[in-house]
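Enquirer: As given, the protein sequences belong to chains A and B, one line each in that order.
Counting in UniProt numbering, the first sequence runs from 1 upward without gaps.
Counting in UniProt numbering, the second sequence runs from 1 upward without gaps.
Keep in mind the hints are simulated off the structure, nothing from the lab.
Every value quoted in this text rests on a predicted model; they were computed, and no experiment measured them.
A couple of the hints might just be wrong.
Claimed, not checked - The following label-pair restraints were derived from C-beta to C-beta distances:
1) Glu24(B) <-> Thr34(A): 34 to 42 Å
2) Gly19(B) <-> Gly30(A): 38 to 46 Å
3) Glu23(A) <-> Glu23(B): 44 to 52 Å
4) Ser21(A) <-> Ser21(B): 45 to 53 Å
5) Arg33(A) <-> Arg41(B): 28 to 36 Å
6) Leu9(A) <-> Asp27(B): 30 to 38 Å
7) Leu67(A) <-> Lys18(B): 18 to 26 Å
8) Thr34(A) <-> Arg33(B): 31 to 39 Å
9) Leu67(B) <-> His13(A): 17 to 25 Å
10) Glu24(A) <-> Ile20(B): 41 to 49 Å
11) Lys16(B) <-> Gly19(A): 42 to 50 Å
Built from N, CA and C at the ideal position, the CB exists for glycine as well.
The primary structure of each chain is shown beneath.
2 protein chains.
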Amino acid sequence: MSITHTFGLRVRHFRKSKGISQEELADICGLHRTYIGSVERGERNITLKNAELIAQALDEPLAAFFLGTDNEH
Amino acid sequence: MSITHTFGLRVRHFRKSKGISQEELADICGLHRTYIGSVERGERNITLKNAELIAQALDEPLAAFFLGTDNEH
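Could you build the full structure based on these sequences and the hints that come with them?
Expert: See the structure below:
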């Protein structure tokens with residue numbers, strides 16, 4: 001699975017486990033809701049700074065988005 | 001420390017522990033040597049795909065570039 005899809009699925013997982021909507025997550029990050037949607041679908045090859053912004057908004061360490069994935073090779 | 005600086009320092013650390021030059025790492029990744037230099041100095045807000053490319057070239061899981069850093073918040 002591509003790294004962008006891996007990251008997107010983790011964003012969705014952590015967001016849902018916190019019971020917040022894409023819109024609420026976008027508000028916390030200061031990003032647009034449609035941007036969050038495209039990240040979750042793996043359509044965005046986002047930068048480290050935006051990845052960190054999302055991780056902080058979800059109160060998860062950035063490493064947690066990549067641990068235990070087949071991107072660990 | 002910014003996420004780009006954190007990532008850059010980890011790239012330098014893993015590269016040096018493997019005893020390869022920026023040029024050799026760039027060749028493996030198919031990226032330019034000056035690009036690798038700017039990543040190591042934290043000057044590049046790189047994308048997840050390029051971060052993964054570098055991690056794979058260094059044979060390290062991407063999570064390892066973010067574990068145990070103050071970006072773990």
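Enquirer: For every hint, state whether the structure bears it out.
Expert: Right, here's what the structure says about each hint:
1. In this structure the supplied range 34 to 42 Å holds for glutamate 24(B) paired with threonine 34(A), their Cβ-Cβ distance being about 41 Å.
2. For glycine 19(B) and glycine 30(A), the hinted distance range of 38 to 46 Å is satisfied, since their beta carbons lie about 42 Å from each other.
3. Between glutamate 23(A) and glutamate 23(B) the CB atoms are about 46 Å apart, so this pair conforms to the stated range of 44 to 52 Å.
4. The hinted window of 45 to 53 Å between serine 21(A) and serine 21(B) holds, with their beta carbons roughly 48 Å apart.
5. At roughly 34 Å, the beta-carbon separation of arginine 33(A) and arginine 41(B) lies within the given 28 to 36 Å, and the hint holds.
6. Between leucine 9(A) and aspartate 27(B) the CB atoms are about 32 Å apart, so this pair conforms to the stated range of 30 to 38 Å.
7. The hinted window of 18 to 26 Å between leucine 67(A) and lysine 18(B) holds, with their beta carbons roughly 22 Å apart.
8. In this structure the hint that threonine 34(A) and arginine 33(B) lie 31 to 39 Å apart at CB holds, the actual value being about 37 Å.
9. Remark: the range hint 17 to 25 Å for leucine 67(B) to histidine 13(A) is upheld by a beta-carbon distance near 19 Å.
10. The hinted window of 41 to 49 Å between glutamate 24(A) and isoleucine 20(B) holds, with their beta carbons roughly 44 Å apart.
11. The given range of 42 to 50 Å is respected by lysine 16(B) and glycine 19(A), whose C-beta atoms sit roughly 44 Å from each other.
Checked against the numbered hints listed earlier, the structure breaks none of them; every hint is satisfied.
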